[in-house]
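S.K.: From first to last, the protein sequence lines are chains G and H. So for the first sequence, our numbering puts the first residue at 345; every next one is plus one. So for the second sequence, our numbering puts the first residue at 35; every next one is plus one.
FYI, nobody ran anything at the bench for these hints, they're computed from the structure. This one's a predicted model, so the numbers in the text were calculated from it and none came from an experiment. The reader is advised that the hints may include incorrect statements.
[To be verified] Simulated pairs of lysine-lysine, DSS-like, Cα-Cα distance not exceeding 25 Å: (1) G:LYS474 with H:LYS316; (2) H:LYS96 with H:LYS284; (3) H:LYS96 with G:LYS474.
[Claimed, not checked] Cβ-Cβ distance ranges computed for the label pairs, FRET-style: (4) H:GLY51 with G:ILE638: 22 to 30 Å; (5) G:ARG470 with H:TRP81: 52 to 60 Å; (6) G:VAL403 with H:GLY90: 25 to 33 Å; (7) G:ASP502 with H:PRO77: 43 to 51 Å.
[What the hints assert, rightly or not] To be clear about the criterion: a stretch of chain G counts as covered by chain H if any three or more of its residues have a C-beta under 8 Å from a C-beta of chain H, and this derived list gives those stretches: (8) 370-382; (9) 501-507; (10) 522-528; (11) 564-570; (12) 618-629.
Glycine is no exception: its CB is placed at the ideal position from the N, C-alpha and C atoms.
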Amino acid sequence: MNRQIQFDNTKPDLEAEGRQSRPSVVARNQQNQLARRTFFAITLLPMVLIAAVTLILLVRSWPILSAYSLKDLFLGSTWRPDEVLFGFWPYIAGTFWVTAVGVLLAVPPCLFTALYLSEYSHSFTRSIAKPILDLLAAIPPVVYGVWGLLAVVPFVEDVLAPLSKRWLSFIPFLAVRQPTGFSIIAGGIVLAVMIAPLIISVVYEILQTVPDELRHASLAVGATQWQTIRQVVIPRVIPGMVAAVVLAASRALGETMAVLMVVGNVAQVPQSIFDAAYPLPALIANNYGDMMSIPLYDAALLCAALILLVVILIFNILSTLVLQRVLGKNQAS
Amino acid sequence: MKKHWRRRHIVEAFFKGLMLVSFIVVAGALGLILWTILVKGLPALTWDMVTQAPQGGFYLGKGGGVLNAILGSLYLAGGGTLLALIFSLPIALYLKTYLGDSNWGQYVRLSLDVLWGIPTIVYGVFGFTIMLAIGLRASLLAGIVVLSLVELPIMVRAMDEVIRRMPVDLEQAALALGSTKLEVAMRIVTRQMLPGIITAILLALGRGIGDAASVMFTAGYTDRIPTSLMQPTASLPLAVFFQLGTPYPKVQQRGYASALILTIIVLIISIGSRWISARLNKYTVK
């Protein structure tokens, strides 16, 4: 009893013992709870942001969506804001062509590069490939655009277009009908280089998920490495590869500055890869901000942004879901 | 038997060659880009370019430089990165310590990946719409906010990738000693992942400096160096774009030089982040 009282009266001299006084468990738990709630609120931000962007674009482009039928808007090919005619078809077609050419040009070399890095290359090659891809990904779009202006456009003008004119002009989509190099193919080449690091790194990651035992088993029964790749590795990664390509396509769809600088920006429905085009992002970048005097023009440009956003959201969500599944499976095993 | 053996080996050699060529093409593209920018930009790159703001008639070929754009870009990207960091660190820590690989964690990651995929021009348009609604003019502040939206997903995902790789024992050891999750997050995860966090910051900074489409409407463009958050500001990518848009060869030359400056800044950031993370990684628990 006596001892107990003594204990209560003596405050432990923590400093003398060389210990710090600590916050009580209750205070620490309260802090933890508070932080958890704050962090949770902040973590909701990305989802809220996606919803907000979509919703606001939808609300602001509602005037034009309700004034015209969807068919007129998306398939109409007359774009005359001063006569209140808005047909998005030339721009949608332009976006599609540039993206398709870019993706088609990028995919074969990127798949082969990823396969090379994953299946064949020496670890030294891999260690230099990583910085190269990082640098390629770090170069700003506008620098790609400058490169396009300085190198790709003249290349198309002086080399590709004459070659195609000479030998291939009987194929409709390779016909040359304009003298400059500002064309879909120039935009496609620039885009292809821009999305290459993304495709290569995602496909490389997917290839790493294939267990080495499978490769060893195939090699052990006498298959060559290419046979192993064709018959063992590739069949297992096809969904992931498709997702990687779709992801890259969605990145290419929204690319603005680099494409804008080399693609010519002529509002027409392109017939050939040597035609100029006018993709949706370029339309927005060139006109948004100074369209206040014409009724509905503002809504039309926001509608262009909405089209872009919706297509990209769909592409993105689908490819990301597949990739999460493909790459997540690996982490579990 | 022998024929079969030879054929598959020829195929093997063919595809191996094809892969090597593809790799060289991709690597060559980088070399080609840097070479083009260097060759075209270097002749016009003078000391005045980086130390002076544009003087009267700059866009007609008279004197001055692009200091306004260099500083403007650094302000924009610096502010955007700081703002993004304030929000992305909590998200990355929450993902690690509270959500982990649960379904919710996957939803948040999905939403971040989707945000990353939204084109920057859409952010620009979205930002401008909001600015119109609240009556804000094109300014440094608006540019910073929109850039932080662009950088946020990049930063969180980059942090998340590193934080995920943290040894689980460290966290469990701290929890076993009676730490709360907050203490684990702040004292263990943050310190252990410092190199990764710095890499993520620099990655986002590099992306922010190079992006034009998001600041085009929101930050405006001016020849003066901004002195307050409410003033419009120039940015390097737009400087490149506008200078190339003029019909005067001398101004276009300066556009190439500006592109070179931008490339150098971005390369320094990119290489610097590798260097820093390599150095700091020595001090983390493997």
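S.K.: Can you give the numbers of the hints that this structure goes against, from lowest to highest?
M.R.: 3, 4, 5, 6, 7, 9 and 10
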